[in-house]
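Visitor: Kindly generate the complete structure, drawing on both the sequences and the hints.
According to this note's numbering, the sequence shown holds residues 84 to 831 in order.
It should be emphasised that the hints constitute simulated quantities derived from the structure, not laboratory data.
C-beta atoms are modelled at their ideal positions from N, C-alpha and C, and glycine is treated no differently.
Any given hint might turn out to be false.
The following label-pair restraints were derived from C-beta to C-beta distances [as the list claims (entries may be wrong)]:
1. W103 with I629: 52 to 62 Å
2. S627 with P560: 17 to 27 Å
3. E788 with G662: 36 to 46 Å
4. K397 with S133: 25 to 35 Å
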Amino acid sequence: MVTALKSAGSRQLKNSFARWLITLGGISVLLTLVLIFLYLLYVIKPVFDSTEITPSTGVEISSGTQVLSTGVDELKELAFTINRSGSIDFYQLVPSATRPLGTQVLSKQVTEPGVTLTQVVDSSHNNKLLLDSLGQVQLLTPSFTASYDDNSREINPAVRYPLGEEVIVVDEMQASLEKLAFAMDDERAVFVALTQDQRLIKTTLVAEDDFNYDPAHESVYQVIEEPVSAVDDILITPDLMMAFVRDGNRVLVFSLDDDYEVPLKAVITDTDNIDASLTTMALLSGGSSLLLGNNLGEISQWFEVATDNGRQFKKIRSFSLSEGESIAAIYTEQYRKSFYAMGRSGKLGAFYTTSDADLWQGKLTDAAPGAFAISPRADALVMTTATGADSQQLSLFSVENEHPEVTWQALWQEVWYEGYPEPDYIWQSTSGSDDFEAKFSLVPISFGTIKAALYAMLFAVPIALAAAIYTAYFMTPVLRTKVKPTIEMMEALPTVILGFLAGLWLAPIIENYLPAMALLLVMLPLATLLTALGWSALPKEWKSRIPETWAPMILIPVLCFTGYLAFALSPVMEAAFFGGDMRQFVTNDLGIDFDQRNALVVGIAMGFAVIPTIFSMAEDAIFSVPRHLTSGSLALGATQWQTLVKVVLLTASPGIFSAIMMGLGRAVGETMIVLMATGNTPILDWSIFQGMRTLAANIAVEMPESEVGSSHYRILFLAAFVLFVFTFVLNTLAEFIRQRLREKYSSL
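Guide: Below, the structure is given as structure tokens:
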């Protein structure tokens, strides 16, 4: 009696321990899922944070004349100003061991005594083009170098002259210049200017070797013959191919790639708003887009678009500065498609063109700012404001705007990118060009995920369910014990092996035997039907020699021979109907693009990976149908097929549905097969001959190359979040439907 009590107590203790252990395991799994969900949100959240501009520091500068230009180094420790008296001054913005805040570190006179500056033209790479009151032109670059002494670092300013310290002769007649634009690369420097006698000219400086090593050059002078009534602004693209000249409310576009003449390429006029007057213009980073500001507070973006009549400039999108005040100036970032618009009253607006985002609007200072500049890393703004008759305030503002290109519209809607003929869904995160603009639409890769899963399920579901039905319902127990484990072992096969075989072995076979693929779709079902008809027509004494459950095995040699026959007939059909090359026929005659690694290859390869999952669960569901149900049906006179369709499949339907949904989840999350068996092209195309890129494959390909904390990095986590949510919703819906099916057929 005592022993029995001890044994019962021991069992109760073990049961309690097992119950708590299982409960703890379940809670741990749920907690892990929640933590994964929260971590994904933690990484993704910064891309949707609002832009913030806050005051950072300010110093008083003594300048008796107007500041024409300003700027700051990359580390935001030194700022410089160029004033009308021809002096460039550098100021300490961050206190160092030897320099207090506001110290004037360097001051250099860049014009002759008594000569003032009339215009400072900002160019790429922090170049400043100076135009003085004598019409003389000089190019200089404020530069910064770091020095280390006694374990402290200091930024030291200097002034460089990329084209030499001598005055640059822009007009061979040496007339004074009223308006001026400039751009250069390593081998050429191009000026477009309006002279005092109203001549529009182009001057090209051609380097004898390379401007980076030798400023020596040859000058080429040209006159632009197009008449202009007045020139308000001039801009030159960084690639030195085009010049934009604003003449009132129209913008003349000139081609600069001809050494003999400067032809007019296009005229831009905003016919959508005839009541507006243009006030300023600027070029976006890369020089492909032109921004036009008007007196109604609107900024419009224009770039060339391919049309039936050639490439033409079109108005793509517009932005508005609230209260509709006139746009005084537009300032663009150096590397991104962001820009700032300044109103006449000092109202400032921050915008991002591609994502069509209004990032921030407000006033930074009460007084209207004078000079204004964006830091090289676009993480700060520097401006000057007058505080007295002989003093000005140099202010630095910190900018939190790391991911302006990411909005829900840019991720999920069509976007019109520079150079594209129309809005489109595009994923293209990297390029070899510095002017490249990343394109982060999640639509193509989400579509690719659905497409890959769909074609895999079309291949896997019929085969897996047919095999499960036959194995569970018709196959003998002895044979079932051998077949079921064999098929389930296929699930242990590494998918990288399947992807490798699909990409390097299966894809070339399909490409070389396309007619055979079409023949198999017809011949395999036809051979199965003919075999079944032939079997039914055999005499009973012949059929009685083979057990009924083994009869379908006759199909194996028939199907193998049919497959061999299809491949044998492939060259004959190709020569007879497709001119000897079906791929060329599909591409040239039907106009269907063909990739060797396409959806057909993925469907077959991923189908083989999914088949064991669906087969195992569906077979268990069918085999688990109570025997008394099938026996009762057969006893009432139903045939085996009637019992299968009316009783077995209905009773097992919850399990079969779960098997299909598990297979779908497996296909959606598959990585290596789609990575190796497709061209990884993120396109929207249902064609079975085109490839795709899935969410999982995209993460695997690009995550190792992405910069931690960048927009690309965080959007890849967003793609993982989308995949997580998609599978969660899919599984939840599947469970809901499975429960409804169970309730409906549980009474059978």
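Visitor: All hints are to be evaluated individually against the structure, with a verdict given for each.
Guide: Hint check results:
1. W103 with I629: 52 to 62 Å: Roughly 56 Å apart at Cβ, these two residues keep to the hinted range, so it holds.
2. S627 with P560: 17 to 27 Å: 21 Å, holds
3. E788 with G662: 36 to 46 Å: Given a distance of about 43 Å, which is inside 36 to 46 Å, the answer is holds.
4. K397 with S133: 25 to 35 Å: Given about 31 Å between the Cβ atoms, the range holds.
In this structure, none of the earlier numbered hints is contradicted; all agree with it.
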